[in-house]
Amino acid sequence: MKTIKRLTSLVLTATVITSFSAVGISANAAENDKVRVIVSNDVFSKADGAAWEGTLVDEWVDIDENSTMLSSVVKALENHGYTQTGADSGYFSEINGLSSSDCQMGGWMGTLNDWFTNELFGYYTVANGTLEAGDEINLQYAKSYGVDIGSDWSDNTTALAYAEFSVGTLSPEFDPEVTDYTLTVPSDTKSIAVTPTAFNKNYQVRTYKNEYTPAENGTEYKRNSDISVVDGDKIIIGVGSDKWPSMNYSAGGTEYTFTVKFEQDETAKAVSEKLKSTSDYLLTLSTPSVGSVGGEWSVLGLARNNTISDSFANGYYENLENYVKEKGSSTLSENKSTDNSRVILALSAIGKDARNVAGYNLLEPYADFEYVTWQGINGPVFALIALDTYGYDIPTDSSVSEQTTREKLVDYILENALENGGWTFFGTTADPDMTGMAIQALAPYYNTNEAVKTAVDKAVGVLSDMQKSNGRFASWETVNSESCAQVVTALASIGINPDKDSRFVKEGGSAVDALLSFGCENGFKHTADGSYNQMATEQGFYALVAYNRFINGNNSLYNMTDASPDSVKYDVDGNGYVDVSDATIIQKYLAGMANLTSTQIARADVDNDGSVTVVDATFIQKQLVK
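Using my numbering, you'd call the opening residue of the sequence shown number 899 and step up by one each time.
These are calculated hints, taken from the structure and not from any lab test.
A quick note: this is a predicted structure, and the numbers were derived from the prediction, not measured.
Be aware that one or more of the hints could be misleading.
To be verified - Listed below are the simulated DSS-like cross-link pairs for lysine-lysine, each with C-alpha atoms no more than 27 angstroms apart in a straight line: (1) Lys-1107 x Lys-1088; (2) Lys-932 x Lys-1167; (3) Lys-1107 x Lys-973.
What the hints assert, rightly or not - Computed spacing ranges between beta-carbons, pair by pair: (4) Thr-1376 x Ser-1085: 28 to 34 angstroms; (5) Lys-1223 x Tyr-1430: 45 to 51 angstroms; (6) Ser-1064 x Glu-1109: 20 to 26 angstroms.
The beta-carbon is built from N, C-alpha and C at its ideal position, and this holds for glycine as well.
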């Protein structure tokens, strides 16, 4: 970045004269889309002879396929009955009595998205893709060939004058010579509007998220547009890249990086501290083996908290392989499908494929719907949670009396909802544990299945009514931490903040406060007057992990596509192995020649950027070549 300097001399060239024309816009805009048009004079006062000063027009104007930058300005002026001269020839020489001849070096100049364009206004059209909805056209009066309004043909400095953010605090304070910053924002921030301004507006300014791609048009965000963010995202602002049009020479431009950091409220800080202390303790315990306590739940929590050690994970997997070999079957329990489900959850969390553990496919028992439902509601709930960790396909088995499908699992859970809402393992009154678990199972279908949404919304109301004045929950008349844990996990899974949502903040605190209140040294207690309890610790820990992932914008606790192994992640067509057909089906999907299920989309998003693109297909092809 060259040293910032003030203009001491100015040479008027043909390029300069061109700039006094028009500005551009890009897009394929729909009929009722709009662009913002501003017409102003902030440099020539009425006292010095100007016909008017200040802002004459600032409004959003409709555009269609015939619109240009020039016609948009004309329309904005006509909307108010203001006169203009020169539009027919492509250059505004007079606006409502204020003429370019009123000053020796005066004239009308325009920016498109705060950039003084290097083409006339008429060049920028919807039809050619250079004008699009959301663009900002700013026609301004200049007295010094544009230097007074930020256009300088003699200065090749590519620097930001400043960058405005709709929320947050910069560290260090902004300095054009400094290119790396931290932007600290409230923990509940979902998006940030960015308004960058160049020192020399002859250079374009473009904004990106996480990856600076100046050579790829269309990857940038518009000026002032909202950018969705999570903790750790990088907002990158480029100025004057030589990949972009400009009237000035560029030596490559300047790149500024603003790293987003979420500030923690008191609850979030307490959660972080508890996660660390509990994680540290769990890692000191003996290597986990198959079991509902001291086994899979601790593996799940540590892995989804990203604090599991290789020795801990590998030790568990080795113990599991030996266990499965000893069983000599893919069915880990003759009566409880939840044993398989619990193991699959742990496997998914550490990036292992449940379809091949010591040569056994642990998904096979799920083919038998009678087996899955033998336990009652518990079986389908955890089977569905386990299957959806990676979007596993349910194996088929012609020998079973009733083949399991996802639809049957969802329907079974819905059919077993109580009339007044919620679920229970037995009896006629909803309990928070089973209600929370059922919501966790149904969470992936909440936004796409109306019956699921209705049942879950009703259950959320029931949970709110169950909550005690101190924020806690009780099962079978015993107030306990595990019930709080299941509620916290459930709410986070469907996008409800159990610490902020008014339905779950009672006089004595929130559901998260309640769970934390059961904390003790190294973990959690079962009851408030109890002592350390391993089951309470494991459930409380993964519940806080679920909450922490939620407030930080990460995948939910049980959406483990961010941890899936290649053998699952790339197997888009679900045939059990990865080949060129997986890349081909993505390409067909992108071309509109094939549809993908939600399961296939999760598998196809191999780079975990939240969308399926040609990059995913290319990545699979590269893996096949290796």
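To see whether the hints hold, each was checked on the structure:
1. Lys-1107 x Lys-1088: 14 angstroms, holds
2. Lys-932 x Lys-1167: 44 angstroms, violated
3. Lys-1107 x Lys-973: Roughly 35 angstroms separates the two Cα atoms, so the pair is violated.
4. Thr-1376 x Ser-1085: 28 to 34 angstroms: 33 angstroms, holds
5. Lys-1223 x Tyr-1430: 45 to 51 angstroms: 34 angstroms, violated
6. Ser-1064 x Glu-1109: 20 to 26 angstroms: 22 angstroms, holds
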